[in-house]
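Student: What follows is the residue order along each chain.
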Amino acid sequence: MVINILNPGRNGVADWMIQRASAVILGLYSIFMVAYLLFNPDLDYAAWSGLFSHIWMKVFTLLALLSVAAHAWVGLWIVATDYIKPAAIRFGALLFVILALFVFVVWGVQVIWGV
Amino acid sequence: MAARRAIHRLSRRPDLMIIESYQKLPVVYSCGPGEKSAVKSQRPLSTAKRPVNLDLSSIQFPLPALVSISHRVSGIMLFIGLIFLMWAFQVSLSSPAGFNTVREAMAHGFFARLVLWGLLSALGFHFVAGVRHLIMDMGHGETLEGGQRGAQLTIIISALLVVMAGVWVW
Chain A
1 MVINILNPGR
11 NGVADWMIQR
21 ASAVILGLYS
31 IFMVAYLLFN
41 PDLDYAAWSG
51 LFSHIWMKVF
61 TLLALLSVAA
71 HAWVGLWIVA
81 TDYIKPAAIR
91 FGALLFVILA
101 LFVFVVWGVQ
111 VIWGV
Chain B
1 MAARRAIHRL
11 SRRPDLMIIE
21 SYQKLPVVYS
31 CGPGEKSAVK
41 SQRPLSTAKR
51 PVNLDLSSIQ
61 FPLPALVSIS
71 HRVSGIMLFI
81 GLIFLMWAFQ
91 VSLSSPAGFN
101 TVREAMAHGF
111 FARLVLWGLL
121 SALGFHFVAG
131 VRHLIMDMGH
141 GETLEGGQRG
151 AQLTIIISAL
161 LVVMAGVWVW
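Order-wise, the sequence lines are chains A and B.
Heads up: the first sequence begins at 1 in the UniProt record's numbering, then just goes up one per residue.
Heads up: the second sequence begins at 1 in the UniProt record's numbering, then just goes up one per residue.
Source of the hints: derived by calculation from the structure; they are not laboratory data.
Be aware that one or more of the hints could be misleading.
Stated by the list, open to error - Here are the computed distance ranges between Cβ atoms for each label pair:
1. Ser53(A) / Val163(B): 32 to 38 Å
2. Thr143(B) / Ser30(A): 42 to 48 Å
3. Ile83(B) / Leu28(A): 43 to 49 Å
4. Phe32(A) / Ile83(B): 29 to 35 Å
5. Gly114(A) / Gly139(B): 43 to 49 Å
6. Met57(A) / Ala159(B): 31 to 37 Å
Nothing here was measured: the structure is a model prediction, and the numbers come from that model.
We put the beta carbon where it would ideally sit given N, CA and C, even for glycine.
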């Protein structure tokens, strides 16, 4: 088993499960957003902000946002440990990934509850 | 049980198998200058003489391997694309003027529409390849032929989605 300082207290089975659970949430959210935009070609600001003012949409969006962070982290960790051999560069890349995901989550929460 | 199944499945990933075999190459441990020859002599002769092919262009990837690599590439594309999606998400919900900015960009901006089409295409492929993973997790299409057919289906369905996304954006 790969022991990595940027993967504390986790194992492959947890990763495997997280990846699939978050994938299902992201799949449902993607289908919903594409369908919503397809069936509302003349969307305006009132309807768009109205959609995100519902509490279920805030919860659904937050769930998708957290799923993006988890899914991207597991996926990019696997890709980084497979292809980036020098430890310092891999560490730097993963640090960048987790910082970016953290910023996206905080940014997204602010947008969701700003509507 | 789930762990064994996961590991079993991982061991059959064609792109990972290449990496696995790569990792089985003899390891040369780093040491002081005086010890170098001593460590070298400890390596078995058979592995020292084993030919190593590092010319990747001469290796033929089977279709499931190409689908697997593309799944990873599209995932990285989606991660990079998050910055554009977050921008559109924030600006479109900030004010009516912001909403129109995003709408105009999606309707007329060449760069914005190219990015949007690229991201929708990456999402389409990543989605279809991901659904294939879930179907294989349930025990379907795990044979050699099943893997081939699943990879072919993934490419056909996602190609359709890429074209449909292009029609939608333009």
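Student: Work down the list of hints and note, for each, if the structure agrees.
Tutor: Hints, one by one, checked against the model:
Between Ser53(A) and Val163(B), the C-beta spacing of about 35 Å keeps the proposed range 32 to 38 Å intact. Distance hint check: the CB atoms of Thr143(B) and Ser30(A) are about 30 Å apart, inconsistent with the given range 42 to 48 Å. In this structure, Ile83(B) and Leu28(A) break the distance hint of 43 to 49 Å, their C-beta atoms being roughly 23 Å apart. For Phe32(A) and Ile83(B), the hinted distance range of 29 to 35 Å is not satisfied, since their beta carbons lie about 22 Å from each other.
The hint said 43 to 49 Å for the Cβ distance between Gly114(A) and Gly139(B), and at roughly 45 Å that hint holds. For Met57(A) and Ala159(B), the hinted distance range of 31 to 37 Å is satisfied, since their beta carbons lie about 32 Å from each other.
Checked against the numbered hints above, the structure breaks hints 2, 3, 4 and satisfies the rest.
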